[in-house]
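One line per chain: the protein sequences are U and X, in this order. So that you can map any letter, position 254 of the first sequence is 690 in my numbering, and since no number is skipped, the others follow by simple counting. So that you can map any letter, position 6 of the second sequence is 1176 in my numbering, and since no number is skipped, the others follow by simple counting.
If you're looking for bench data, these hints aren't it; they were derived computationally from the structure. Check before you lean on any hint, since a few could be wrong.
[Said to hold, decoys possible] If you only want the chain U side, here are some residues facing chain X, beta carbon under 10 Å, derived:
{"#": "1", "residue": "Ile555"}
{"#": "2", "residue": "Tyr575"}
{"#": "3", "residue": "Arg593"}
{"#": "4", "residue": "Ala606"}
{"#": "5", "residue": "Asp793"}
{"#": "6", "residue": "Phe816"}
{"#": "7", "residue": "Leu837"}
{"#": "8", "residue": "Pro936"}
[What the hints assert, rightly or not] Mimicking EDC-like on lysine to aspartate or glutamate, the simulated pairs with C-alpha atoms at most 20 Å apart in a straight line are:
{"#": "9", "chain 1": "U", "residue 1": "Lys931", "chain 2": "X", "residue 2": "Glu1210"}
{"#": "10", "chain 1": "U", "residue 1": "Lys814", "chain 2": "U", "residue 2": "Asp745"}
{"#": "11", "chain 1": "U", "residue 1": "Lys931", "chain 2": "X", "residue 2": "Asp1276"}
{"#": "12", "chain 1": "X", "residue 1": "Lys1283", "chain 2": "X", "residue 2": "Glu1237"}
{"#": "13", "chain 1": "U", "residue 1": "Lys545", "chain 2": "U", "residue 2": "Asp797"}
Keep in mind that this is a model prediction, so the values were computed, not measured. Here a beta-carbon is modelled for each residue, glycine too, at the ideal position from N, C-alpha and C.
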Amino acid sequence: MIRYLANLIALFAVLTGSFAQAQTVQDGFVRPPDVPAYVEQYGGYQNGTDANELGDGEGDGATSSNARGGTMPVIATMLADIPTDSAIAATWKGAATAFLDIPPATQPKLRMLGSFSHINRDDAIRNFGAPGTAHAHCYFGNRTVNAYSTYASLRTRANTYALGAPKKSASSVAGGPLNGTGYWAPCFTKTVSGKTYAIKYNTIVIYYEESTGASSALLSRLPRGLRYITGRNADDPLGASVLAEIAAANAQSGTSGRYSRGVVHGTLNDGFTGYECRTSASVLVLPAVAHRNAAGNAADYIKATDGSDPWAGACTTGMKITAHLNAPTCYDGTNLWSPGGYRHFRFPVGDNAQAGDSCPDGWFRMPKLNITLEFYHKGFADYGTWTLSSDQMFEDKLTALGTPTDLPTGWSMHTDWFGGWDDTVMYGNSGLTIMGWLPFCLGVDGNTPHECNSSQFNATQYLKGGYTGENAPDLTRTPQTDTDGTWANTDDPTKMVQVPSSPGSLTIHSGVN
Amino acid sequence: MRALLALLLLAGCSSPEVPRTAHDAPPVEEVAAQTSPRVEALRSATNAYTGAALAFERALQEGIVSEERRDVEARAYDGLQYLMTLKDADEAQFTAAQFYVNNAIDELYAVSKEQEDAPEETHSHH
């Protein structure tokens, strides 16, 4: 009750004041009220053999040799920090017993697990302020993400939930009240007894990582209030804009053939690297040859357009289908949002003059977010009946572009990320009194990188929370993965979640049609 | 408690700070704005949210609705807060936002009464 009284007082403070925020539309998308207007930053790639240099955040118009000087530069318009309540923070950080140093040539990472949190038809990035107008989204992380979510609402709820009685976590991902981050993806759905249900994630594995410890010194920090989308691009499903940018770069004098799309980040270099089938012991089951994607170990869909099974019957009951998404690592250094959610980030492109790949000249390199969504199933007789809630929208977009296409099921997978971490806990410099997890784990402060999980975020801290069961966002979650179908079971409607109804005619993401 | 909330509502809407001198008085337009249809609409939405939020809390306590639907309450609150920021926006913007916020509040009422057997999905795929 106290919470509602506080809410009302806050509301009337606004109502009786003179504060006003006009709704602003950019390129057909409503700009969230907590971000500045989007300003295009893309300037292209260098010609000849000149190096594309990362930005240095100095604001002097010149790029540097990327020396970071042991700190993560502030590189964008930062929103006001909303720290975790101090009493909460003290109860959520315990003493770690050990941590793992890794050799410089290996991959530093910060790893955490999560589970399904909720479902709705909202989209705070593409359809801000218009609940019910998107395709169905299945969320993980912050349990309250909706069409009106802002950085402040994510962080504030992380605190108010943890201060409640009984205390609750605002997140279904490790980090509890320290982690107000929201993540969402289109839902896999199936029909049971005439009703449509979304398949819950068996588990979700999230990494913040870098390719090697040696390259960590090139990284910049994720700014507060940042949000973006990775995976299939709803505004450019076939990645035509990337190809056009590469063609323009190669058309420069002395540059022919230097740049390429590459396949590291998926068939379309958009971050969706496909679906894998794995046994309960995580042994990879390869798709049939005809269905393998560019990487060769996965398929870009779970059912082909001719109705056939990409794994030809080899992905059986008890195995899991995993969807893999990388986030783009090239950031424009300025915008916290862009119309549609994709344009302020790029994936590195192949660059045969510069150590394999490059970001656009003057852009910034960010820690790579890597998300794996796991789904248990009962064989193709089961997952062959699933649909992905965004596929129809992508078909509509392709038709609008003049290339009508019958997409295979699951092809349009993508994920939205809306940062809500406690800023000091996540990014604090390890050379200071407060040790940040990301600098410690990835080595972005110039110190030795590590391999971290929620039991060993740094030399002195790990996460604890006191919750149990599916929704425990820490190591008390037992089991860590749902190996026995306790939480998610595609035979049992009570272990799926019914898809909310459409309010009528969907706008299907403003700006798309 | 509902009476207390009602008092808070009245206090918030009808007791603006009293200017001490004529020189400090707000412009006539500002005074008028405080009693405009726009403010009345915001007051009405706030009342509706309050009732829905209380119903949701009761439903939680009675086990009618699960914690998984917290996002519905969050949407109604966040939506109302966003609508407040549009108090001085043009009519089209405000009306569009008002439509969605009222829907969000209606949904909060609905889930508080009946969690299961939501209307059927209408969006078909392959």
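> For the hint on U/Leu837, does the least C-beta distance to chain X fall short of 10 Å?
Replying inline: violated (19 Å)
> At a threshold of 10 Å, is the proposed contact between U/Ala606 and chain X supported by beta-carbon distances?
Replying inline: Hint holds; U/Ala606 Cβ to chain X Cβ min 9 Å, cut 10 Å.
>> Does U/Arg593 hold up as a contact with chain X if the rule is Cβ-Cβ below 10 Å?
In response: OK, holds: U/Arg593 within 10 Å of chain X, min 7 Å.
>> Check the hint pairing X/Lys1283 with X/Glu1237 against an upper bound of 20 Å on the C-alpha distance.
In response: holds (14 Å)
> Is U/Lys931 within 20 Å of X/Asp1276, Cα to Cα?
Replying inline: Since the Cα atoms of U/Lys931 and X/Asp1276 sit roughly 27 Å apart, the hinted pair is violated (cutoff 20 Å).
>> What's the verdict on U/Lys814 and U/Asp745, does the C-alpha distance respect the 20 Å limit or exceed it?
In response: holds (13 Å)
>> With the threshold set at 20 Å, check whether the alpha-carbon distance from U/Lys931 to X/Glu1210 stays at or below it.
In response: violated (44 Å)
>> Holds or violated: the hint that U/Tyr575 contacts chain X, with Cβ atoms closer than 10 Å.
In response: holds (8 Å)
>> Less than 10 Å between beta-carbons is the criterion; does U/Ile555 satisfy it with respect to chain X?
In response: holds (8 Å)
> Would the stated hint for U/Pro936 survive a check requiring a Cβ distance to chain X of less than 10 Å?
Replying inline: holds (6 Å)
> With 10 Å as the cut and Cβ atoms as the points, is U/Asp793 at the interface with chain X?
Replying inline: Since the shortest Cβ distance to chain X is 35 Å, the answer is violated.
> If you draw a straight line from the CA of U/Lys545 to the CA of U/Asp797, is it 20 Å or shorter?
Replying inline: violated (26 Å)
The structure does not agree with the numbered hints 5, 6, 7, 9, 11 and 13 stated previously, though it agrees with the rest.
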